[in-house]
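J.: Sequence order for the protein chains is V and D. The numbering of the first sequence is my numbering, which starts it at 1 and goes up by one. The numbering of the second sequence is my numbering, which starts it at 1001 and goes up by one.
These are computed hints drawn from the structure, not numbers from a lab. Quick caveat: nothing in here was measured; it's all calculated off a predicted structure. Any given hint might turn out to be false.
[Stated by the list, open to error] Label-pair restraints from in silico Cβ distances:
#1 Ala41/V <-> Arg1018/D: 42 to 52 Å
#2 Asn1201/D <-> Ser38/V: 24 to 34 Å
#3 Ala1161/D <-> Val81/V: 13 to 23 Å
#4 Pro1128/D <-> Ala7/V: 29 to 39 Å
#5 Gly91/V <-> Val1010/D: 52 to 62 Å
#6 Ala1161/D <-> Ile119/V: 17 to 27 Å
#7 Pro1128/D <-> Arg124/V: 27 to 37 Å
#8 Gly91/V <-> Gln1072/D: 41 to 51 Å
#9 Ile119/V <-> Leu1140/D: 29 to 39 Å
#10 Leu1017/D <-> Gly91/V: 52 to 62 Å
#11 Cys1190/D <-> Arg74/V: 27 to 37 Å
#12 Ser1016/D <-> Val4/V: 49 to 59 Å
Virtual Cβ for every residue (Gly too), placed ideally from N, Cα, C.
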Amino acid sequence: MQRVITARETGRVVCRSCSLVAPAKQMRCARCNEWLQSRDALSQQKVWAWLIVGLIAYIPANLYAMLRTTQSFRTTESTIVGGVVDLVHHGAYAVAIIVFVASIVIPVGKFIVIAYLAILTTRRHRTDPHRLLLLHEVVEFIGRWSMIDVFVVAILTALVQFDVLATINPGIAAVCFALSVVFTMLAAQSFDSRQIWDRLEGKSNHE
Amino acid sequence: MSTDTVGCVVCDAIYSLRPELADQATQCARCGHRITYGKRATLAWLVSLSATNVALLAMVVFLPFLELHSGQFENAASVIDVVLGFSSGIMVPLALAVLAFILMLPLSRFLLLIYALGPIAVGRRNLPYAARALRGVFLLKPWAMAEIFMVGVAVALVKLADLATISIGPAFWIFAGVVILNAYQDTLMCRHTLWTALICNE
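Based on the provided sequences and hints, a complete structural model is requested.
T.: Right under this line is the structure:
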């Protein structure tokens, strides 16, 4: 593979919005007016800030009720995990797996992967950058899918409104969970993917 | 070799296409068959797909999305009802967020794209702030969650299966169409092509 020349090495900067290359000192992109930065110096801080807020929001999202179902004057509350257990009891295994993956596996996996990337890229490392980039892209792509459960709650609430017979209302956890998803999406977006290559030791594995 | 050899599928004529020509629309000299679509046609595709999606989304808002029957009870919910389900007290911000994720953001992406690229597709000069509009299209991409909503609908259907009978309304199918068209549209969105087209049109 031929040697790759980066924009920073040639004293230039790539616009992350429209891919135009500009001199390093230029503040904003001539083509799309985006702010230009060779490396986002605050990236680490932003990633950790959003990640921690996301984690904080994720705790009440699991402890409190996602759904409040009132059926013949009896109100039952179900959390995220409770909802999955209910689905398993109904024999809907495929859907139970979808909800479990979207609300538990993806968020938890996302916290771990973003933290791993943020820690690793600040020090000199020998990990294959392509694998790290893949991790980052997977996290960015898959993170939005956690919203499934919030939308399910919205649909159930809209459909099941039969006064005394049966009503479904959203619980406070729905808000917390939505916030957690948004914050972790922002954390993934704040991560500067160019840093993956910057501190690579012994550049033998990508040249 | 710096040139590409392409053949006309209709009349078997062979052309060598210089790289700068591959950006433009080319036709077979003998039978007139389109050999390359070029930038202009791609832009026209993007804009017309966006316009289609805007029209479809407008229908989604007013038609029933899901209908639920349970004994003598009946309830039809449009997408707006889904959002209003949250509209009490502390849930209002969540209602607004859901409305934005499933309707407003996909809709604004389509409108911004029409605004930015529409003039190029019909051969006019760019409208003011076209660059900002195009930047917005890319910026909003991860926040438009129409396709995730569809999966949410599927999960909700299963959860309600033993509580009531649910029938799917016309808006559901239209919305599914929007999701598919939007996925196809995103495959056509090459940052470099679009930005070059925008800047060359000034």
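J.: Each hint should be assessed against the structure and marked as holding or not.
T.: Verification of the hints:
{"no.": "1", "hint": "Ala41/V <-> Arg1018/D: 42 to 52 Å", "result": "holds, 44 Å"}
{"no.": "2", "hint": "Asn1201/D <-> Ser38/V: 24 to 34 Å", "result": "holds, 29 Å"}
{"no.": "3", "hint": "Ala1161/D <-> Val81/V: 13 to 23 Å", "result": "holds, 21 Å"}
{"no.": "4", "hint": "Pro1128/D <-> Ala7/V: 29 to 39 Å", "result": "holds, 30 Å"}
{"no.": "5", "hint": "Gly91/V <-> Val1010/D: 52 to 62 Å", "result": "holds, 55 Å"}
{"no.": "6", "hint": "Ala1161/D <-> Ile119/V: 17 to 27 Å", "result": "violated, 45 Å"}
{"no.": "7", "hint": "Pro1128/D <-> Arg124/V: 27 to 37 Å", "result": "violated, 48 Å"}
{"no.": "8", "hint": "Gly91/V <-> Gln1072/D: 41 to 51 Å", "result": "violated, 28 Å"}
{"no.": "9", "hint": "Ile119/V <-> Leu1140/D: 29 to 39 Å", "result": "holds, 30 Å"}
{"no.": "10", "hint": "Leu1017/D <-> Gly91/V: 52 to 62 Å", "result": "holds, 58 Å"}
{"no.": "11", "hint": "Cys1190/D <-> Arg74/V: 27 to 37 Å", "result": "violated, 56 Å"}
{"no.": "12", "hint": "Ser1016/D <-> Val4/V: 49 to 59 Å", "result": "violated, 31 Å"}
Checked against the numbered hints above, the structure violates hints 6, 7, 8, 11 and 12; every other hint is satisfied.
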